[in-house]
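Going down the list, the protein sequences come from chains A and B.
Heads up: the first sequence begins at 201 in this note's numbering, then just goes up one per residue.
Heads up: the second sequence begins at 356 in this note's numbering, then just goes up one per residue.
Calculated from the structure, these hints are not laboratory results.
Be a bit skeptical, because a hint or two may be false.
No more than 16 Å apart at the CA atoms, straight line, and that leaves these computed lysine to aspartate or glutamate pairs for EDC-like [unchecked claim]:
| id | chain 1 | residue 1 | chain 2 | residue 2 |
| --- | --- | --- | --- | --- |
| 1 | A | K209 | B | E363 |
| 2 | A | K209 | B | D492 |
| 3 | A | K266 | B | D366 |
| 4 | A | K209 | B | E413 |
| 5 | B | K480 | A | E212 |
| 6 | B | K414 | B | E481 |
| 7 | B | K414 | A | E212 |
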Amino acid sequence: MIRVLFFAKLRETLATPSLELAYAGDVAGLKRALSARGESWQQALTQDNILCAVNQQVATDEQLLKENDEVAFFPPVTGG
Amino acid sequence: MNIRVLVEEGDFDVGAELGRLRTAASGAIVQFVGVMRDHNEGDAVRAMLLEHYPGMTEKSIEAIIHEAASRWPLLATTVIHRVGALQPGDQIVLVAVSSTHRHAAFAACEFIMDFLKTRAPFWKKEELVDGRSRWVDARHSDDAAAERW
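Work out the full structure: start from the sequences and follow the hints.
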């Protein structure tokens, strides 16, 4: 299983702070798998500016995921 | 180098924090305090909610501080960032840097702040006086500020 977290506007749009699922593959494939959950998921996860972190480090679409990884999707950051 | 990174809901005492950084070796201490404005994008703002990614937030701030320390000779660095509900006039963030000389302290303080704005996983949601609420969009000017380093 991997754990997937969503933050800020993405969390609100998907009404999901986190979920767990069985998945093997890369980040791009995970986005496709999640997009199959419905139109709001498909729209939210195909936005160009959505960022991804794997185990709390910024990651690219090509990064391969392994068992127990923590994956996060979030919009551009606005702190400070 | 001493590093102090706090992400917390409560307010911070700038005087007390600067006192922690002052030693006989620290010839220069530079601080930046970010404060919540009552206006943004032409609208009056009533309140703000700051969300973050616990764990990654602290790690990313520490990574930014280590990057600054590789560029300038720093003695100690403190970064405190508040989360949760904030009101106009509230302190949001403190970046304080001590070094033997002022140029390093000024530069490192600005560097850390520029990268904090573009790398640390915080998100602001504004409640406007007219009743609307909205997530604040990232600014291109902040990306440009980080890219110049």
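To see whether the hints hold, each was checked on the structure:
1. A:K209 to B:E363: 21 Å, violated
2. A:K209 to B:D492: Measuring from Cα to Cα gives roughly 10 Å; hence the hint holds.
3. A:K266 to B:D366: Violated, at roughly 39 Å.
4. A:K209 to B:E413: Violated. K209 of chain A to E413 of chain B sits at ~21 Å, over the 16 Å cutoff.
5. B:K480 to A:E212: Given pair K480 of chain B, E212 of chain A holds - Cα atoms ~11 Å apart, limit 16 Å.
6. B:K414 to B:E481: Violated, because 26 Å separates the two Cα atoms, which is more than 16 Å.
7. B:K414 to A:E212: Violated: K414 of chain B and E212 of chain A sit about 25 Å apart, past 16 Å.
Of the numbered hints listed earlier, those contradicted by the structure are 1, 3, 4, 6 and 7.
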